[in-house]
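Since chain A is already given, all that's left is putting chain B on it; use the hints.
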Amino acid sequence: MAHSLDCAAYTLKLSDLDIAQKADIIGYTASASDEERVLVQSMQEMGLTPGSPIEIMHFGPFGRDPIAVYCRGSLIGVGRKEAHLMIVKARHT
Amino acid sequence: MSRRVVALVGAPNTGKSSLFNALTGAQQRVGNYPGVTVEKRVGQLQTAAGHDLYLLDLPGTYSLEPQSADERVVADILFRRVQVPDFPDVIIAIADAANLERTLGIVVSLKQFGIPMIVALNMHDLATRRGLKLDLKSLEAELGAPVIPTVALHRGGVSRLLSSLDRVLKSLENQPTAAQLATPPLDNLIATPPEQRQAEVDRILKKVVLSPTAVDIWTRRLDRVLLHPVLGVVFLVTILVMIFQAVFSWARLPMSGIEWAVAAIGTQIRSVMPDGPLESFIVDSLVGGVGSVIVFLPQILILFFFILLLEGSGYMARAAFITDRIMGLVGLQGRSFLPLLSSFACAVPGIMSTRTIRNPRDRLLTIMIAPLMTCSARLPVYVLLIGAFVPNIELFGPIRLQGAVMFGLFLVAILSAMIVASVMKSVALPGTRSPFLIDLPTYKVPQTRYIVINLWLRAKAFVKKAGTVILLISMALWFLSSYPTPPEGATGPAINYSIAGRIGHAVEPLVRPIGFDWRIATGLIPGFAAREVMVSALGTVFAVEDAKASGLQLLQQQLRSAWSVPTGLSLLAWYVFAPQCMATLAVTRRETNSRKWTAFMFLYMLALAYLAAFVTYRLATLLF
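Respectively, the protein sequence lines represent chains A and B.
For the record, in the first sequence the residue sitting at position 77 is 70 according to this note's numbering, with numbers rising by one throughout.
Quick note: to get this note's numbering, add 750 to the position in the second sequence (first position is 1).
With the rest of the complex left out, here is chain A (with noise of 0.2 Å):
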């Protein structure tokens, strides 16, 4: 079951982040398709869980893609394609 909110004052996406920013896991977008609801729950189980903190540590060499997640402790590598389904909220510091 992922959190599927569509409120417009969430829709940054993981992917819509810059390097060194901080943001919290609000959630993930409606899963389109079986697929799609699997790779959500894979992020979940790697710790990607609404309401953790996250920090962005780097990009991929070429078009920014994998992401570098920094999350509960550990750092996670995430697909440009998969980021732009997890919903955040950007912490202004």
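What the hints contain is simulated information worked out from the structure, not anything from laboratory work.
Fair warning: there could be bad hints in the mix.
As the list claims (entries may be wrong) - Some chain B residues well away from chain A (every beta-carbon gap over 12 Å; in silico): (1) Lys790; (2) Lys920; (3) Leu939; (4) His978; (5) Leu990; (6) Ile1076; (7) Val1173; (8) Val1202; (9) Leu1260; (10) Val1365.
Claimed, not checked - Here are the simulated DSS-like cross-link-like pairs (lysine-lysine), alpha carbons at most 27 Å apart as the crow flies: (11) Lys15/A - Lys82/A; (12) Lys82/A - Lys956/B; (13) Lys861/B - Lys790/B; (14) Lys74/A - Lys1175/B; (15) Lys1346/B - Lys1175/B; (16) Lys15/A - Lys956/B.
Glycine included, each C-beta is placed from N, C-alpha and C at the ideal position.
Just chain B, lined up with the frame of chain A:
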């Protein structure tokens, strides 16, 4: 009393395999689970109290809702959906102490099965050094299981783990084993949804963590360079060039040692045995056949040494991170990069190392194109044919035509692999690009013990293969090339009269459009054993003794006078693609667990070889 089964369960990168090695040592077997290509590791051990048990290393998994074949194996065994004699009596659940938020989830979800459990809190030393303080007593209470801090890398905590295991096993005495109890699948149990489970983990951690783990400073520092968009790529390329170089140069000495030993054994047998078919059978088929495959063992071990080093240090996931986007262009993914690179040395270890690719479709695609990489066995053939048919004229400066042709053959192989991958992805294995999601673990100093044990297992598997499947094929090919023997008073080499010779004559019309004569067709038959065998096979057909050493120039002269330039170039093009390697086909059969895909590999490569030879022959005929 039959043996109890103890299963190791835990998330990936928790040091589960290290713990398994620490518990069992080299007393382990690597196999596959029935019907799937998931590696199954089983070890045996006896505890201090005298309990004999099987230790089962289940694949790493974050949850019991499986997404990969690996994870399905774990869920199927725990939910008893399969009939295997592997139902665990006791579970050793392993969590990474430095990463409890992410690795405790699977431990929590194991509680529901009611199987006696012991929790190994691994990498406890690292976590403590990074500031972690835990209330172990209340963690034990929460998990309902003894919690033992371990440092599997240095066998720390292993004896405590074993004595805890003894206590559990003692309580199970006089009870039937889990495998003996015929319980139905546990359909009434369901895996906890990830959010709920994470909430449970967070609740437990809030209670038991007295002081949290700080960020690993060294991992941050290293990643600033190794994942840098420019420096990271430079580092990766440097590492790869070094590995490539080492595979070729370090292996040279042991390889010639093995070649020398094989030749010496052959000579020795020849000197003590009377001449005749039995002598030829033993020397050419048994010793020669196995020798031609064993000779690749040094390259395979050197390559695996580096792979294990990269994996053990935590860099491998970074290499996948850096290359994912480029590999994506041809429908592959970051994890395909290393297997394909390895295949430049030899496709056999390349295909074996595709096990790290979790998506079955991507793995199959990588296996299918791996043999297109220019492996080292093609080099002797290239050297022979380029030397015979390509003039060694200067192009510009130090660059000569022969070298340029060699380079071109590598380039053509890479380009065609990219095309084949794209086509196969869209036709045979359709689907969207597989998602990229990877754990980038904390850097560690790789553990010697882990590397040594794994190299030993790889070497054993490879030698076993050479001693069974490859031996059988080599015997069959020898028979084809030796029987029937030539009639009395016959002239010319004996192979002309054999079944292989007859097949050569019979298929000549088929290969005439690509410029091959019956002699090439005949040489191709023993050449199916391994590519470099073609050199000595042609030597046999042209009755040139010892084609490898001083005979090379003589053979090149003979080839030049027997064949036209277009024929020579056509054979060269054939060798870029031809599936002439039984070791590759045997390992593909084992790794894909599918005759259909093995046959597909053979046929598509054969078709490409024919097409390439045909085009080359026609173009060359027009030009020369």
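Consistency of the hints with the structure:
Distance check for Lys790/B against chain A: the nearest CB is about 23 Å away, which clears 12 Å, and the non-interface claim stands. Every beta carbon of chain A lies more than 12 Å from that of Lys920/B, the smallest distance being close to 35 Å; the non-interface claim holds. Every CB of chain A lies more than 12 Å from the CB of Leu939/B, the least distance being 18 Å, so the non-interface label holds. Not every Cβ of chain A is farther than 12 Å from the Cβ of His978/B; the closest lies at roughly 8 Å, contradicting the non-interface assignment.
With a minimum CB-CB distance of about 15 Å to chain A, Leu990/B clears the 12 Å threshold, and the non-interface call stands. The claim that Ile1076/B lies off the interface is violated: its Cβ sits roughly 6 Å from the closest Cβ of chain A, which falls inside the 12 Å cut-off. Under the 12 Å C-beta cut-off, the non-interface status given to Val1173/B relative to chain A holds; the minimum distance is some 22 Å. Once the 12 Å rule is applied to beta carbons, Val1202/B is consistent with being away from chain A; the minimum gap is 28 Å.
Distance to chain A confirms Leu1260/B as a non-interface residue, since its nearest Cβ pair spans about 45 Å, more than 12 Å. The Cβ of Val1365/B lies farther than 12 Å from every Cβ of chain A, with a closest approach of about 33 Å, so its non-interface assignment holds. A distance of roughly 9 Å separates the Cα atoms of Lys15/A and Lys82/A; the hinted pair therefore holds under the 27 Å criterion. As the CA atoms of Lys82/A and Lys956/B are separated by approximately 24 Å, the hinted pair is consistent with the 27 Å bound.
With a CA separation close to 23 Å, the supplied pair Lys861/B and Lys790/B stays within the 27 Å bound. With a C-alpha separation of about 19 Å, the suggested pairing of Lys74/A with Lys1175/B holds against the 27 Å cut-off. Note on Lys1346/B and Lys1175/B: the hinted pairing holds, with a Cα-Cα distance of about 17 Å set against a maximum of 27 Å. For the hint pairing Lys15/A with Lys956/B, the CA-to-CA distance comes to about 23 Å; that is within 27 Å, so the pair holds.
Violated hints, listed in ascending order, are 4, 6; each of the other numbered hints is respected by the structure.
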